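Could you build all of it, start to finish, from the sequences and the hints given here?
Number of protein chains: 2
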Amino acid sequence: MISKNFSPLKKSLSSAYSLQLSELRNSIKRERVDGFLVTDINNVRYLTSFSGSSGILLFTKDEAFLITDFRYKEQAKIEVTGWDIIAGKGDTTKTIKSISKKTSINKLGFESSVTYDFFRKLSKTGISLKALSGLIEKQREIKKALEINLIREAVRRAESAFLEVKPYLKQGIREKSIAMRLEERLKKKGCRRIPFDVIVASGQNSAMPHARPTEKKLNKGDFVIIDWGGEAGGYFSDITRTMLIKGNNINKKKEIYKIILKANKKAISQVLPGIKLRDIDLYAREVIQKEGYGEFFGHATGHGVGLQVHESPRIAWNNNKKIKEDMVFTVEPGIYIPGLGGVRIEDMVAVKPDGPDIMTTLPKELDII
Amino acid sequence: MISKNFSPLKKSLSSAYSLQLSELRNSIKRERVDGFLVTDINNVRYLTSFSGSSGILLFTKDEAFLITDFRYKEQAKIEVTGWDIIAGKGDTTKTIKSISKKTSINKLGFESSVTYDFFRKLSKTGISLKALSGLIEKQREIKKALEINLIREAVRRAESAFLEVKPYLKQGIREKSIAMRLEERLKKKGCRRIPFDVIVASGQNSAMPHARPTEKKLNKGDFVIIDWGGEAGGYFSDITRTMLIKGNNINKKKEIYKIILKANKKAISQVLPGIKLRDIDLYAREVIQKEGYGEFFGHATGHGVGLQVHESPRIAWNNNKKIKEDMVFTVEPGIYIPGLGGVRIEDMVAVKPDGPDIMTTLPKELDII
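Sequence order for the protein chains is A and B. Residues in the first sequence are numbered from 185 upward in steps of one, following the numbering used here. Residues in the second sequence are numbered from 185 upward in steps of one, following the numbering used here.
Hints were generated in silico from the structure; no laboratory data involved. Treat the numbers as computed from the prediction; the structure is a model and nothing was measured.
Below 27 Å or equal to it, Euclidean Cα-Cα: the simulated DSS-like pairs (lysine-lysine) are:
| hint | chain 1 | residue 1 | chain 2 | residue 2 |
| --- | --- | --- | --- | --- |
| 1 | B | K436 | B | K474 |
| 2 | B | K400 | A | K372 |
| 3 | A | K305 | B | K291 |
| 4 | A | K308 | B | K291 |
| 5 | A | K372 | B | K372 |
| 6 | B | K308 | A | K314 |
| 7 | B | K400 | A | K257 |
| 8 | A | K360 | B | K350 |
| 9 | A | K548 | A | K350 |
| 10 | B | K314 | A | K314 |
| 11 | B | K449 | B | K474 |
| 12 | A | K278 | A | K261 |
| 13 | A | K322 | B | K308 |
| 14 | B | K400 | A | K373 |
Now the stretches of chain A that chain B is said to cover, found in silico as 3 or more residues with beta-carbon under 8 Å:
| hint | stretch |
| --- | --- |
| 15 | 294 to 307 |
| 16 | 360 to 369 |
| 17 | 375 to 381 |
Over the 12 Å line for every Cβ pair with chain B, so calculated as not near, a few chain A residues:
| hint | residue |
| --- | --- |
| 18 | A248 |
| 19 | G431 |
| 20 | R462 |
| 21 | Q473 |
| 22 | Y477 |
| 23 | L491 |
| 24 | N503 |
| 25 | G539 |
| 26 | L546 |
Built from N, CA and C at the ideal position, the CB exists for glycine as well.
See the structure below:
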């Protein structure tokens with residue numbers, strides 16, 4: 185392979201990314217810098233729709249440049265409008281210096297997620313610098329209508345792929361084989377990438393929140409956790425369903441499933457602008473704790489989803505920030521009991537003025553196969 | 185998905201990673217630091233065999249710590265020996281500060297690839313810092329015997345998967361369908377991850393070095409470039425083959441293929457410790473230039489392969505460093521002619537005292553289907 189993959193987006197999709205720049209120009213005015221250097225590749229994509237793997241943005245209140253290398257010149261021309269494309273061959277910091285001079289930048293903001301290496305090179309240009317943290321990530325928390333549409337399409341593709349694989353789930357089938365089928369279907373549904381390798385974890389494996397598919401066959405009495413996601417126009421989805429294979433100890437297992445389903449529904453029902461993000465985590469956690477399973481729920485309740493499958497905000501007990509309209513995030517409580525197995529139910533919600541718009545449409549009552 | 189995937193390695197594989205630490209201790213002595221902080225996750229894996237997605241190393245001449253979070257505690261215990269595992273819940277820089285105090289570190293080396301954010305937090309601890317660039321990456325250029333074995337196994341899996349898909353290649357089959365089959369086979373062969381999405385580029389698409397598989401069907405007269413890789417024990421392989429579908433203009437196409445095959449063989453034949461890396465690029469480039477196609481070969485001739493599918497060294501016209509024994513890299517000249525199509529032949533070589541050990545074993549004479 186000679187370099188990262190090329191996936192030009194249609195212009196029709198790229199309007200999802202427009203307007204963000206003008207918002208950002210307001211926020212950098214508050215930071216008292218004359219220009220802003222965007223180095224995080226997801227943020228570059230967010231602002232320009234450029235999907236290449238090598239690109240940096242530099243903008244001032246009047247001008248906007250995309251600096252990429254010659255390999256991506258053609259792709260940038262197809263994907264990007266409203267930005268001057270500079271396909272440099274040489275040292276990026278030299279290009280930045282020359283643009284800064286031309287556009288009279290005295291103080292340049294830069295993303296603190298950049299490497300120390302790059303920061304050091306940038307320092308040597310003599311431009312006065314100011315580190316800015318999470319400005320664009322915060323903006324990305326609030327989705328535009330077109331972004332929500334793309335995420336909804338990513339959910340639809342994920343669900344449609346799952347429904348085609350579901351009849352195949354039964355005792356004797358290997359975890360890996362299910363995962364491979366699901367990945368194949370996701371691609372057939374139009375997903376150009378999948379956000380992460382599909383997780384299929386059964387029986388003992390389902391008790392590990394980080395399990396990967398193995399050669400293990402689905403056995404009688406197994407919980408089967410399936411955690412997967414789709415993609416559309418660069419945006420991701422993320423879903424988990426847990427099934428049960430007929431077998432022993434069924435009442436205990438039904439009970440655990442019921443608790444997680446209740447925790448999932450309770451937490452989702454409380455989603456509303458103005459509520460603290462940690463409260464959503466606590467609503468789910470309380471249900472589980474009350475039933476005596478608190479120690480078996482070791483992870484946070486959810487996370488934002490968009491151009492990255494894990495992005496801000498985190499739905500966690502220590503996140504004091506408030507829910508805002510048009511956030512999109514997962515709600516995914518789980519219980520993992522060594523020796524018995526695990527259950528997780530993960531849905532995606534978009535926040536609307538009057539409550540949650542539940543994007544996941546797959547049924548979530550216990551499915552005993 | 186609640187977090188990155190979990191893939192514990194068997195202890196038997198992890199010995200590939202041992203001994204690197206003692207070498208590194210020598211090189212940091214030269215840098216006059218008392219300790220070294222390793223933040224790049226591939227370097228962490230290289231030194232410890234830890235395959236989780238969250239881990240930092242801190243070592244001195246006598247002690248060695250792996251700092252991870254509670255999610256990875258169990259995994260670290262299984263995978264890592266010889267390092268004290270610290271599964272912190274709190275702020276990583278506080279843990280670093282307390283270890284530095286305990287182990288009497290005055291000056292701490294850190295990897296310059298770390299984020300500026302992390303560097304800033306680290307600065308606030310008051311520890312004297314020194315940025316070190318590419319120390320471990322340079323060490324990773326030279327593969328141990330066990331690493332070469334794993335890469336060879338990754339090549340074997342990639343070749344074996346390809347040979348099972350090859351009979352399926354014919355006029356009328358879609359690029360995407362070929363790519364999906366190959367990915368499925370790679371997983372069946374035991375690859376836990378694949379290094380990059382399989383590239384299948386036919387006809388006009390083959391003229392773009394960055395093409396992705398499309399719904400296009402293989403047509404008469406198409407060049408079909410297939411670029412894919414396998415994995416074994418965390419190590420990758422990377423191969424390209426180009427086939428031709430019977431059709432018009434066949435003599436011209438045969439001629440181009442012949443030039444690339446000659447460039448590939450010529451460059452490989454010159455691989456020897458002590459030769460400059462850029463000379464390998466030039467040997468390939470000269471063959472192509474002499475035939476008048478120089479302008480259609482726009483990328484470098486190759487790249488190192490190991491824990492990352494693209495790693496140091498680059499086999500490029502501007503790399504003045506010398507080839508060393510036990511480097512492993514690709515040799516992949518190509519010609520891409522808009523309107524006609526492209527050809528690339530990519531092999532992997534391990535450098536031995538008397539020349540190249542060609543790891544790729546698939547035939548590379550032109551296959552006309």
